[in-house]
Amino acid sequence: DHQLKQPKKDNMPPTNASARRQTRLRREYLYRKSLEGREKVAYEKKRIVREALAQGKALPTELRASYDKLKLSVDAEDTRTSEVHSHVDDEYGDAGLIEPRVCVTTSRDPSSRLKQFAKEMKLLVPNSTRINRGNNRVDELMDSCRQSEYTDVVIVQETRGEPDGLVICHLPLGPTAFFSLSSSVLRHDLDPPAAPMSEAYPHIILNNFNTELGKRVGNILKCLFPVPRADTKRVVTFSNDNDFISFRHHMYSKPTHDSVALHEVGPRFEMKLYQIRLGTLEQKEADNEYVLRPYQNTATKRHVL
Numbered sequence: 001d002h003q004l005k006q007p008k009k010d011n012m013p014p015t016n017a018s019a020r021r022q023t024r025l026r027r028e029y030l031y032r033k034s035l036e037g038r039e040k041v042a043y044e045k046k047r048i049v050r051e052a053l054a055q056g057k058a059l060p061t062e063l064r065a066s067y068d069k070l071k072l073s074v075d076a077e078d079t080r081t082s083e084v085h086s087h088v089d090d091e092y093g094d095a096g097l098i099e100p101r102v103c104v105t106t107s108r109d110p111s112s113r114l115k116q117f118a119k120e121m122k123l124l125v126p127n128s129t130r131i132n133r134g135n136n137r138v139d140e141l142m143d144s145c146r147q148s149e150y151t152d153v154v155i156v157q158e159t160r161g162e163p164d165g166l167v168i169c170h171l172p173l174g175p176t177a178f179f180s181l182s183s184s185v186l187r188h189d190l191d192p193p194a195a196p197m198s199e200a201y202p203h204i205i206l207n208n209f210n211t212e213l214g215k216r217v218g219n220i221l222k223c224l225f226p227v228p229r230a231d232t233k234r235v236v237t238f239s240n241d242n243d244f245i246s247f248r249h250h251m252y253s254k255p256t257h258d259s260v261a262l263h264e265v266g267p268r269f270e271m272k273l274y275q276i277r278l279g280t281l282e283q284k285e286a287d288n289e290y291v292l293r294p295y296q297n298t299a300t301k302r303h304v305l
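Under the numbering used here, the first residue of the sequence shown carries the number 1, and numbering increases by one thereafter.
Just so you know, the hints here were simulated from the structure itself, not pulled from any lab data. Warning: the hint list may mix true and false statements.
No farther apart than 30 Å at their CA atoms in a straight line, the calculated lysine-lysine pairs in the DSS-like style are these [stated by the list, open to error]:
id, residue 1, residue 2
1, 46, 119
2, 222, 254
3, 233, 272
On a predicted model such as this, the values are computed, not experimentally measured, just so you know.
Start from the sequences and build out the full structure, keeping to the hints where you can.
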């Protein structure tokens, strides 16, 4: 296990500079996010002009006055700037290019079962490090992880020794996703006994994430894992059914050319999303992208993922 590097107390200027840099990055990110509505309107106008030019049709009357300006903008575009971009592209812009580094930790004063669950999460996620939480406050934890250049922080939580919460925080700007956990089965509780844990990068199966929010959650989950090799025999599955996400972890083998044998590796659990916050874990003032509303009249009929 690794102990967290505490920010230096005696050498304040770098810490202040780091805090100022984080504030500046956050401000720039929020500014870009505020431009999205205007950029979407401009993108729609340019799309209409592009289609009219390609098909030789007349322009709609409301765009004729601004045609010259729009035409200049359309001509200057390339493959990267022709598509409208959102704040999601800022957060996960380097996904697939840089391998994620994940920090796995627990809530304070963890039970032996939660420690075991955190160990299994560490083995599950490649390039991850498990650290002892100790008495670190959330803001100290986030500062230390930023300084150590982690891309994500995973925190597991419990009630009376049973893992019941999972928080995934993407660094440096967010988002932070909060899940409740249920039906957790650790590796040594599996029946039949678990297959050995491989360290190969796994293939990720995201099943039934169809809505915009579902794709967003799938993106948050898959970006914990690096890009695998094509021939790897390890598979991690997130399967959405009625807004409950079933997590399963398998190795597969091919005894003959036309058959496949699955071996469960574990752990296994069910996840339920209840909040996505557009910021890191310590930023309580950040906007909520999604909050579960279980007591509304239509809650039983709604499927958000």
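A quick look at each hint next to the structure:
{"no.": "1", "hint": "46 / 119", "verdict": "51 Å, violated"}
{"no.": "2", "hint": "222 / 254", "verdict": "25 Å, holds"}
{"no.": "3", "hint": "233 / 272", "verdict": "28 Å, holds"}
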